[in-house]
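Visitor: Each chain is listed here by its residues.
2 protein chains.
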Amino acid sequence: MATLTIPEAIPSPAEDCEQLRKAFKGWGTNENLIISILAHRNADQRRAIRRAYAEIYGEELLRSLGDETTGDFEMVVLLWTMDPAERDAWLANEAVRKWKPSNHVLIEIACARTSVELFAVRQAYHATYKRSLEEDVGAHTTGDFRKLLVPLVSSYRYEGAEVNVALAKSEAKMLHEQISEKAYNHEDLIRILTTRSKAQLTATFNHYNNEFGNPINKDLKSDPKDEFLAALRAIIRCICCPERYFEKVIRLAISRVGTEENALTRVIVTRAEVDLKVIKDAYYKRNSKTMDRAIAHDTVGHYEDMLLALLGHENA
Amino acid sequence: MATLTIPEAIPSPAEDCEQLRKAFKGWGTNENLIISILAHRNADQRRAIRRAYAEIYGEELLRSLGDETTGDFEMVVLLWTMDPAERDAWLANEAVRKWKPSNHVLIEIACARTSVELFAVRQAYHATYKRSLEEDVGAHTTGDFRKLLVPLVSSYRYEGAEVNVALAKSEAKMLHEQISEKAYNHEDLIRILTTRSKAQLTATFNHYNNEFGNPINKDLKSDPKDEFLAALRAIIRCICCPERYFEKVIRLAISRVGTEENALTRVIVTRAEVDLKVIKDAYYKRNSKTMDRAIAHDTVGHYEDMLLALLGHENA
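Chains A and B supply the protein sequences, listed in that same order.
Just so we're aligned, residue 4 is where the first sequence starts under the numbering used here, counting upward by one.
Just so we're aligned, residue 4 is where the second sequence starts under the numbering used here, counting upward by one.
Since the hints were derived computationally from the structure, they do not count as laboratory data.
Glycine included, every Cβ here is placed at the ideal spot set by N, Cα and C.
Heads up, a few of these hints could be off.
[Stated by the list, open to error] Partial pick of chain B residues on the chain A-facing surface, computed with a CB cut under 10 Å: (1) Val140; (2) Ser157; (3) Thr197.
[Claimed, not checked] Listed below are the simulated SDA-like cross-link pairs for lysine to any residue, each with C-alpha atoms no more than 20 Å apart in a straight line: (4) B/Lys150 to A/Ala186; (5) B/Lys201 to B/Glu184; (6) B/Lys133 to A/Ala164; (7) B/Lys150 to A/Tyr187; (8) A/Lys133 to B/Thr117; (9) A/Lys201 to B/Ala142; (10) B/Lys150 to A/His189; (11) B/Lys176 to A/Thr145; (12) B/Lys150 to A/Gly146; (13) A/Lys133 to B/Gly146; (14) B/Lys176 to A/His143; (15) A/Lys150 to B/Asp191; (16) A/Lys133 to B/Ala202; (17) B/Lys133 to A/Ala169; (18) A/Lys150 to B/Glu190; (19) B/Lys133 to A/Val119; (20) A/Lys133 to B/Leu170; (21) A/Lys150 to B/Gly146; (22) A/Lys150 to B/Asn188; (23) B/Lys150 to A/Tyr132; (24) B/Lys172 to A/His189; (25) A/Lys133 to B/Glu190; (26) A/Lys101 to A/Ala164; (27) B/Lys133 to A/Lys101; (28) A/Lys133 to B/Ser118; (29) A/Lys150 to B/Gln181; (30) B/Lys133 to A/His189; (31) B/Lys150 to A/Leu192.
[Stated by the list, open to error] Which residues of chain A face chain B? A partial, calculated answer using Cβ under 8 Å: (32) Arg125; (33) His129; (34) Thr131; (35) Lys133; (36) Arg134; (37) Glu138; (38) Thr144; (39) Val153; (40) Arg160.
Next comes chain A alone, as it looks inside the complex (with noise of 0.2 Å):
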């Protein structure tokens, strides 16, 4: 359900260097040409190119790319021709370094990844910053929000379907208590929140909506100025539902007065590999018209063609 779209015969990592050389060469940059090529190959064949490109030219392809672009479009093109787990160590380090409670990528990277994938995040966080993830968050966030994103990126869930439903009974009924007397900050409900494995937390989820008459993000929703609040509700929209939890994060970036893009820049880039025809689906379901045309109407130029290009818009 990725709307990436790759051609049938795809050139050799060095032809498409030459290409991207040719895009870079003299006055102005080709910009077109680079979203002809960049847009349209995977992230094993991305990290192919890079690799040709090092060893043919002697240069990182991120800088070239980097000299060559700018603004919007410089980030879109950047973001996605890293590689998944350093892109989205990347994300987690700006995050932590500019941390403020209503910023949700930490909470985004820990929930909608897979277990290997977030390992796969802290492993990349190593190697760039010579630090933990875990180690940063922790360093650079406080007091609840502390003691709940913690353990959330350090989390290796279980993946497996099984489900124990005594336990997402008796966890559900823990939950209704704990949010009915406001103790949203209980070590339990973050404990339940940051270590059951997905499957049992949309069983204890469902348990509750059926046995206490709401779904749990409704109980969630007391206060809506509540950054906690908002955190644990994004919490539980990234584990049960990614798609509406990123469909929302773009129809906010968008309706804004001025376009979030750096928001819209990272759930394009993040999801068009994964599940961005269903994220596309549930706009659709949700505004009545379509993702891509939402997005060309509130964007210009390449960025616009960039991100057009990953929606799967063969043409762009």
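Please build the complex by placing chain B on the supplied structure of chain A, with the hints as guidance.
Guide: Then chain B, alone, in the frame of chain A:
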């Protein structure tokens, strides 16, 4: 600095299996034959033997060993034959299910392994128990111990040698303040111990000693009966001087009235391929007698033979 000895010419896994099968055959078991093979094969070789055994005889080697051996000898042979990560997952699960504050096995596994090894334990835990290690630790422990142990077993510490000296100073000061105020469960103290790299922590503890006049572990001994303090000291020893930590486990296991075989077995099998020689040196330094002699004095029969074989006795 392992003690494991391996013959120069090693039989093929199939030949080893044939000999093991012979050892199991007929009335009684030939324990010496089992020891002469398994106690002189490294982890890769034992893995190959298990694979070959399952293929040739359609049975699990661990099951056959369990059927043919008993008591402490059974325990040491089974644990030794397991893969290191599988063994640690088993030890961690035992420790979690029967958890009590004085049990330091989780600390040992979280702190006296490399980051990659600890992650392999978490993977093996998934595969065996269909849950995550941190999930079970969170569900079976409570209070301050939970606050300490969940991040400890979830950690993926950076392993480079880089040290931030300013950080070591400021965190040594922070630790000193919290310890002076007996705020042993302070979230910063737990954060520092559970997320910083071992190189960074060693620098922090050195600075603590230089600046405040005592090794940190001495200041953490204000109440020798406090089990939370004992856990903190175990963490620090496992990080800074694992050989002295393990020396003490063995010393106490032997010196008790009635040897604590489980602890003795655990340390010998988990360290024989790693650093048991260094632990033996530490033991001699501390007790003015060899560990081999002390162990031989306190154990009997095939159990003794197996331990001595793992301690490097050629003729065992």
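Visitor: Taking the hints in turn, state whether each one holds.
Guide: Right, here's what the structure says about each hint:
| no. | hint | result |
| --- | --- | --- |
| 1 | Val140 | holds, 8 Å |
| 2 | Ser157 | holds, 4 Å |
| 3 | Thr197 | holds, 8 Å |
| 4 | B/Lys150 to A/Ala186 | holds, 17 Å |
| 5 | B/Lys201 to B/Glu184 | violated, 25 Å |
| 6 | B/Lys133 to A/Ala164 | holds, 9 Å |
| 7 | B/Lys150 to A/Tyr187 | holds, 17 Å |
| 8 | A/Lys133 to B/Thr117 | holds, 16 Å |
| 9 | A/Lys201 to B/Ala142 | holds, 16 Å |
| 10 | B/Lys150 to A/His189 | holds, 12 Å |
| 11 | B/Lys176 to A/Thr145 | holds, 19 Å |
| 12 | B/Lys150 to A/Gly146 | holds, 14 Å |
| 13 | A/Lys133 to B/Gly146 | violated, 32 Å |
| 14 | B/Lys176 to A/His143 | holds, 18 Å |
| 15 | A/Lys150 to B/Asp191 | holds, 11 Å |
| 16 | A/Lys133 to B/Ala202 | holds, 12 Å |
| 17 | B/Lys133 to A/Ala169 | holds, 16 Å |
| 18 | A/Lys150 to B/Glu190 | holds, 9 Å |
| 19 | B/Lys133 to A/Val119 | holds, 15 Å |
| 20 | A/Lys133 to B/Leu170 | holds, 14 Å |
| 21 | A/Lys150 to B/Gly146 | holds, 14 Å |
| 22 | A/Lys150 to B/Asn188 | holds, 14 Å |
| 23 | B/Lys150 to A/Tyr132 | violated, 26 Å |
| 24 | B/Lys172 to A/His189 | violated, 33 Å |
| 25 | A/Lys133 to B/Glu190 | violated, 23 Å |
| 26 | A/Lys101 to A/Ala164 | violated, 36 Å |
| 27 | B/Lys133 to A/Lys101 | violated, 37 Å |
| 28 | A/Lys133 to B/Ser118 | holds, 14 Å |
| 29 | A/Lys150 to B/Gln181 | holds, 19 Å |
| 30 | B/Lys133 to A/His189 | violated, 26 Å |
| 31 | B/Lys150 to A/Leu192 | holds, 14 Å |
| 32 | Arg125 | holds, 5 Å |
| 33 | His129 | holds, 5 Å |
| 34 | Thr131 | violated, 11 Å |
| 35 | Lys133 | holds, 5 Å |
| 36 | Arg134 | holds, 5 Å |
| 37 | Glu138 | holds, 4 Å |
| 38 | Thr144 | violated, 10 Å |
| 39 | Val153 | holds, 6 Å |
| 40 | Arg160 | holds, 6 Å |
Violated hints, in rising order: 5, 13, 23, 24, 25, 26, 27, 30, 34, 38; the structure is consistent with all others.
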